[in-house]
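Colleague: For reference, the chains in residue letters:
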Amino acid sequence: MPALSLPLYIDFGATFLFAITGAMFAIRRHYDWVGLFVLALCSGLGGGLLRDGIFINDGAPAAMRHAGYLWSVIAGCIAAGFFHRHVGKLDRFFLYVDALGLGAYGVVGSTKAAAAGLSLPASIVVGVVNAVGGSLIRDVLTNTEPFLFKPGQFYVVAALAGCASYVAATEWLHLPLSIAVWIAIGITFTARTLSIVFN
Amino acid sequence: MPALSLPLYIDFGATFLFAITGAMFAIRRHYDWVGLFVLALCSGLGGGLLRDGIFINDGAPAAMRHAGYLWSVIAGCIAAGFFHRHVGKLDRFFLYVDALGLGAYGVVGSTKAAAAGLSLPASIVVGVVNAVGGSLIRDVLTNTEPFLFKPGQFYVVAALAGCASYVAATEWLHLPLSIAVWIAIGITFTARTLSIVFN
Amino acid sequence: MPALSLPLYIDFGATFLFAITGAMFAIRRHYDWVGLFVLALCSGLGGGLLRDGIFINDGAPAAMRHAGYLWSVIAGCIAAGFFHRHVGKLDRFFLYVDALGLGAYGVVGSTKAAAAGLSLPASIVVGVVNAVGGSLIRDVLTNTEPFLFKPGQFYVVAALAGCASYVAATEWLHLPLSIAVWIAIGITFTARTLSIVFN
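Protein chains in written order, with my numbering: chain A, 1 to 199; chain B, 1 to 199; chain C, 1 to 199.
Calculated from the model, a selection of chain A residues having no Cβ within reach of chain C, i.e. all distances over 12 angstroms: (1) F12; (2) A62; (3) I196.
Covered stretches of chain A (in silico footprint by chain C; criterion: 3 or more residues with CB under 8 angstroms from a CB of chain C, positions within the stretch not fixed): (4) 44 to 57; (5) 110 to 118; (6) 121 to 127; (7) 133 to 143.
Derived from the structure by calculation, the hints contain no laboratory data. All C-beta atoms in this analysis are idealised placements derived from N, C-alpha and C, irrespective of residue type, glycine included.
Let's have the full structure, built from the sequences with the hints guiding it.
Modeller: Okay, structure coming up:
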């Protein structure tokens with residue numbers, strides 16, 4: 001897989017989307033604004049921090065070097081503050097937002113892991129960690145049994161399908177990165193959406 | 001901000017103070033001495049390990065390279081063992097001890113983050129993580145909803161105010177480090193103390 | 001202590017054994033296969049990831065560079081799938097399996113920490129983290145009060161005794177590595193087994 005980096009807006013976009021879902025979680029739990037910001041931070045940056053800080057471990061995480069990541073989290077907090085009165089109507093909409101972030105972060109994680117020279121199965125694992133790590137940290141910090149252990153959610157499965165097909169498409173089929181990215185995000189989004197619709 | 005390191009005794013002092021609070025937590029929960037040592041270790045070194053191991057990520061954490069950190073934890077365990085009979089009388093005293101450690105660790109974290117080339121908002125975040133990380137890990141490991149999510153404690157706010165003023169004082173006002181350190185510790189200590197007094 | 005690496009089969013063996021115990025935990029909790037794999041991964045690789053990703057912090061963790069670690073986890077999942085019908089009969093057997101993995105991972109952790117230039121007390125701590133980290137992460141993720149805080153299990157004590165005697169044997173008595181390894185694993189296994197028999 002080429003040591004190619006994805007455009008930064010995919011990263012910022014996924015951070016923003018996940019920060020919103022973290023902030024909504026805090027609002028639903030009636031946390032104050034400190035809890036809201038902490039959960040938005042964990043949800044938005046947690047997966048990437050685990051990826052860079054533990055699994056790749058090559059200098060300071062991207063989220064700490066470019067201030068844009070933290071501004072994306074703050075933008076997510078503000079967006080959640082505006083939207084939260086419409087939660088009832090927008091609940092399902094945020095599940096789709098989350099499904100999109102899931103696909104985007106999986107692709108980002110697998111790309112960075114492969115570029116850092118990790119083994120192929122490790123690249124798939126790191127993609128999944130990048131995708132689900134934020135919600136895992138959020139659940140652990142709020143003392144909740146992690147969402148991803150609940151059967152029938154296909155949360156991990158959707159991320160895994162996207163990351164595995166991404167690694168296969170770039171490594172074995174040698175598809176151009178720009179095509180492989182959208183195939184992988186599409187597969188994750190479809191798998192997760194189908195599980196939302198049929199549950 | 002100059003790549004200046006603070007005197008090591010601030011670091012050892014904060015480790016010692018936080019190790020005491022972790023050990024007191026274990027004593028109040030009737031853990032055996034293994035649990036006491038593990039909680040003292042997490043409380044004393046957890047914030048610094050998160051800082052060095054995840055957020056800065058530049059070689060082995062300071063706490064692993066200098067044996068003095070682990071001796072500070074052991075000294076904290078012994079001190080807690082001596083004091084624990086007087087817990088009833090000293091409870092409030094330890095809240096002030098904790099407030100002092102909170103300020104000291106925030107300053108240490110922000111200094112190290114800035115010296116490692118992290119972005120300015122990231123330096124503030126890392127200072128806060130350094131300050132509150134130990135108690136966060138302690139709460140997660142003991143399966144408690146983290147203390148810092150409880151409204152009205154101003155725990156994160158106090159650390160944030162100290163770290164932000166520290167970064168502002170050194171970066172924008174160009175105050176000497178020795179003055180900025182005590183301003184920041186003073187702000188954190190005052191903010192936290194006021195919330196203790198009025199709650 | 002020489003910067004000597006242990007044969008890789010000790011590492012793979014401990015990963016396999018701990019992945020089995022993680023998978024059995026998931027089966028007992030009626031998780032689906034995603035939960036089973038996630039817990040096997042955390043139990044099998046968690047201690048080593050904490051060691052490399054946080055405490056030693058020198059490039060990507062071993063478990064991410066050699067695909068063999070992930071295959072060991074998958075082999076552990078398959079083995080647990082075959083054995084789980086015999087859980088009632090094999091429960092005690094798995095406690096011994098776990099005690100063996102505990103000793104092996106403690107030795108691996110202390111060796112790698114000393115080779116990375118950590119202080120001597122830090123090498124003992126990292127050995128213990130390597131040994132108990134997987135089960136700690138498993139307990140945190142499943143929202144359980146960590147097993148190792150329960151009094152009378154001697155889980156941490158057994159790992160600590162093994163790691164401390166290992167560091168003492170190689171550093172002070174200058175015993176050959178091949179002898180020190182088996183002494184340390186033997187001490188951990190015996191200490192843990194005695195606590196199982198008498199509880």
